Amino acid sequence: MPEPAPSIAEETNENAIALKEVEGLSQGQIVRRRFSRHRGAVISMIVLAAIVLLAFTSVGFVIGDWRVPGWWQYDWAEAVALENNGLPTLDVFHFVVGNHPFGQDEIGRDIFAVVMRGTQQSLMIMVIVGFIGTFLGTVIGAISGYYRGVVDGTLMRFTDIVITIPVIVIGAVLGRTVGIAGAPVLALVLGAVVWTGLARLVRAEFLSLREREFVDAARVAGARDGRIIFRHILPNAIGVIVVNATLLMAAAILIETGLSFLGYGVQSPDTSLGKIVSENQVAFSTRPWLFWWPGFFIIAIALCVNFIGDGLRDAFDPRQKRMPSLRALAKAKQGGSA
Amino acid sequence: MTSFVVRRLIASLVIFLAATYIMYVLTALSGDPLADLRTSTSPQKAQLIASRTALLHLDVPVYLRYFIWLGGVGKCFIGQCDLGVTIQNQPVTVLLGQAASSTLQLVTFASLTAIVLGLIVGITTALRQYSSYDYGVTFISFLFFSLPIFWVAVLLKQYLAIGFNDFLSSPDIPWWFVAVASPIAAVLWAAILPFSGRNRLWTFLAALGATAGMLTYLKLTNWFTYPHIGVLGLAITGTAIAFGVTGISNGLSNRRALTAALIVVGIGVAIYFPFLYGFSFYLQPWSFALLAVVTLVAAFFIGWRLGKPDRAPVARTTVIVAFVMGLLITIDRLMYVWDDYSASERVKGRPIATIGAMTPGLEGSMWVHMLDTFTHLLLPTIALILISFATYTRYSRASLLEVMNHDYIRTARAKGLTERTVVVRHGFRNALIPIATIVAFDIGGIIGGAVITERVFGWKGMGALFQYGLDNVDPNPVMAFFVVTGSLAILFNLIADIVYAGLDPRIRLS
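So the protein sequences, as listed, match chains A and B.
Residues 0 to 337 in numbering that gives the first Met the number 0 are what the first sequence spells out, letter by letter.
Residues 0 to 509 in numbering that gives the first Met the number 0 are what the second sequence spells out, letter by letter.
Simulated from the structure, these hints should not be mistaken for lab results.
If you're wondering where the values come from, they're calculated on a predicted model, not measured in any experiment.
The C-beta atom is built at its ideal place from N, Cα and C for all residues, glycine as well.
Be a bit skeptical, because a hint or two may be false.
As the list claims (entries may be wrong) - Computed footprint of chain B on chain A, listed as stretches where at least three residues anywhere in the stretch have a Cβ under 8 Å from a Cβ of chain B:
| # | segment |
| --- | --- |
| 1 | 63 to 77 |
| 2 | 290 to 299 |
Said to hold, decoys possible - Negatives, chain B to chain A, calculated, CB over 10 Å:
| # | residue |
| --- | --- |
| 3 | I21 |
| 4 | S29 |
| 5 | T85 |
| 6 | G135 |
| 7 | L146 |
| 8 | F149 |
| 9 | A209 |
| 10 | L261 |
| 11 | F299 |
| 12 | K307 |
Could you put the whole structure together from the sequences, leaning on the hints where they help?
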């Protein structure tokens with residue numbers, strides 16, 4: 000018996016179910032709802048929050064001359080007497096944390112405190128690079144895409160020039176120049192070189208959005224360029240920007256740790272996760288814990304940020320529909336004919 | 000076509016010149032090149048400073064010094080490259096010559112492997128979207144994506160190299176390993192291959208048997224001491240590859256293609272012994288390259304002759320099969336010298352190298368040197384591949400999924416074409432278009448990764464040259480590094496554009 004083709008009524012019905020799901024919700028609510036459905040992203044969000052909390056409360060932090068103390072007993076710079084030859088006291092199976100959960104280095108610094116301080120620095124650099132890079136990329140891409148013509152040509156050639164130089168190369172050159180000025184300056188400088196990819200994407204988005212009717216309507220209504228860019232076009236391009244901002248941050252932490260490893264990133268006496276790995280790679284065979292923990296935190300942070308980016312991509316992409324697999328289709332077909 | 004390439008080249012060259020200017024100025028301003036002399040207590044301090052100033056033209060402002068450098072580079076067009084001198088008065092051109100070959104080898108090798116692996120895995124995951132295989136690969140590629148390359152490199156050095164070398168000193172596969180590894184491999188195969196129900200059980204059993212048999216064979220023949228593929232292994236693998244490539248590329252119902260592929264395998268098996276014990280001893284690198292080209296051309300003609308009426312796809316299949324056969328025979332030839340290499344004076348039974356790009360003072364035939372290069376390339380390549388592999392997997396998966404949702408795929412299925420034709424001809428080909436861009440774009444990332452990897456593995460490559468220049472605030476070595484890598488990036492972009500036009504008939508290059 001031939002199967003009846005789905006009628007038009009049936010198809011509209013299917014659409015109605017899809018629409019019902021988002022009925023009466025604002026864009027923000029839809030995005031939040033879709034994001035919370037991405038299990039990996041939600042878990043990553045919780046883990047990342049925990050890492051941030053742990054890093055900043057445990058050893059405290061420094062803002063200018065003002066030092067906020069933390070609940071951990073040791074400082075990242077002070078060397079104390081070696082206990083148990085610096086072996087880590089953390090024992091997950093017996094719930095023992097001990098005095099030096101991540102161990103000590105050869106001069107007796109508590110590695111937990113050092114890693115927490117490194118995590119703080121790396122997180123801070125990641126956020127600053129993310130913000131600066133996103134800001135520059137969005138502004139340059141938006142101006143380029145909105146005004147087109149000579150402005151676009153000039154800005155995009157400039158983008159091409161910057162993109163020709165690998166990020167790690169220009170980062171190393173700039174890091175060598177400003178690294179001594181401290182981590183925040185390094186982050187600002189790195190932010191100034193990572194915006195290129197985002198600028199191209201935002202430009203493409205603006206080029207297509209500026210031709211849409213609502214932009215014409217706004218222009219006819221007398222809106223000025225600034226208002227059209229910020230109030231009308233930018234909110235529609237926010238998906239691309241947010242997703243790429245997270246990916247930029249994930250890349251930023253790897254670039255920073257890589258540069259610090261090469262010696263062009265964060266400079267002593269300051270520290271970062273990459274710098275800890277770099278300092279301790281020769282000690283790997285004798286004191287592997289000096290190497291494991293900073294690496295673990297780099298991976299944990301980068302992985303969390305990447306997963307959050309993936310969740311955001313799913314949440315912002317309205318075309319994302321769960322397509323049934325061939326096997327599911329075959330199963331449905333069997334079920335239908337039985 | 001020519002005018003397009005020329006126009007593109009000129010445009011890239013202008014952009015590249017601007018980029019070199021920025022790099023030169025930034026590097027020159029990144030510190031004080033006389034810092035070590037200023038603090039020195041040498042009695043001839045003033046004289047030293049004066050001589051270095053004269054050597055590096057430090058009296059010329061940076062903005063103009065660039066043009067002195069550019070003039071030297073310009074001489075490349077008349078065959079007398081002059082990339083300046085380092086702070087210790089060594090000509091950079093000579094240093095670059097030594098450094099470039101090892102880095103380019105590493106970058107090319109890593110890129111090609113990552114592209115092939117990434118495409119295969121990306122496409123299979125896209126075809127099996129939302130399967131456990133897909134989720135597993137997604138997680139792994141996110142993990143690879145988040146790995147700091149220097150950290151992985153140190154781990155590889157510590158565990159893979161030293162561990163494997165320890166294993167090789169008394170290579171015996173314990174029975175418990177066979178018992179544990181076979182079911183794991185079988186589960187993986189059952190998850191990867193697209194079967195369900197009873198067929199999946201058969202897959203599991205077949206993979207279990209194959210892995211266990213393979214491991215037992217390796218164990219009983221003491222394979223790791225005397226590695227080989229052998230004529231039987233070559234015949235079996237070759238036949239499997241002939242069937243596999245024909246099955247994917249032409250369909251097994253295309254008897255002509257299958258016959259042509261099997262003939263190529265037959266020829267490969269026939270020249271196995273003459274090659275292994277005969278003329279391979281007389282080969283030089285250039286004649287080896289020539290032989291490789293001749294092999295591929297011959298395979299092309301076999302496919303072309305037998306492939307009527309649809310010649311090109313058959314010729315493609317035979318070329319691929321011939322390439323793989325050639326690769327297998329070469330690997331077998333390399334394994335033939337394995338024992339000599341491993342036991343040699345310089346290697347001392349620890350063949351997987353952790354430092355440098357070659358064993359200094361190693362003596363032996365071309366094959367020994369080739370093997371030496373590969374053992375040195377192994378770890379850095381793995382470290383570099385991990386990250387690019389993740390990128391390529393994600394992009395090829397997304398790209399194929401996007402393509403497979405198009406209407407023309409539905410049309411192709413509705414026409415009654417086989418799933419193979421739909422996926423390979425209509426899907427895969429179109430999915431390659433965006434991937435070509437990513438590959439060209441990613442080359443910068445691979446070069447950046449190479450700088451870090453070279454440092455961990457102690458290669459005296461271009462990364463070291465770059466670091467040396469940067470540490471001494473000497474733009475010449477840095478610029479030499481940048482000129483080579485930048486040209487590479489431009490070249491890859493150009494290739495991507497041409498591939499683009501080849502893949503997408505809507506794009507015309509003129």
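Verification of the supplied hints:
Against chain B, the segment 63 to 77 of chain A contributes 0 residues with a C-beta closer than 8 Å to a partner C-beta. That does not satisfy the three-residue criterion, and the hint is violated. For a cut-off of 8 Å, the count of residues in the segment 290 to 299 of chain A with a CB near a CB of chain B stands at 4, and the three-residue condition holds. Distance check for B/I21 against chain A: the nearest CB is about 7 Å away, which does not clear 10 Å, and the non-interface claim fails. Against chain A, the non-interface label of B/S29 is violated: not every CB pair exceeds 10 Å, the least being about 4 Å.
Listed as outside the interface, B/T85 is consistent with that label: its C-beta sits roughly 17 Å from the nearest C-beta of chain A, beyond the 10 Å cut-off. With 10 Å as the threshold on Cβ separation, the claim that B/G135 sits away from chain A holds: the shortest Cβ distance comes to roughly 13 Å. In this structure B/L146 is not separated from chain A by more than 10 Å, as the shortest Cβ-Cβ distance comes to only about 6 Å. Distance to chain A contradicts B/F149 as a non-interface residue, since its nearest Cβ pair spans about 5 Å, not more than 10 Å.
No Cβ of chain A comes within 10 Å of the Cβ of B/A209; the nearest lies about 25 Å off, and the non-interface call holds. The claim that B/L261 lies off the interface holds: its Cβ sits roughly 31 Å from the closest Cβ of chain A, which is beyond the 10 Å cut-off. Residue placement check: B/F299 keeps its beta carbon more than 10 Å from all beta carbons of chain A (closest about 36 Å). B/K307, annotated as away from the interface, keeps every beta carbon of chain A farther than 10 Å; the closest lies near 35 Å.
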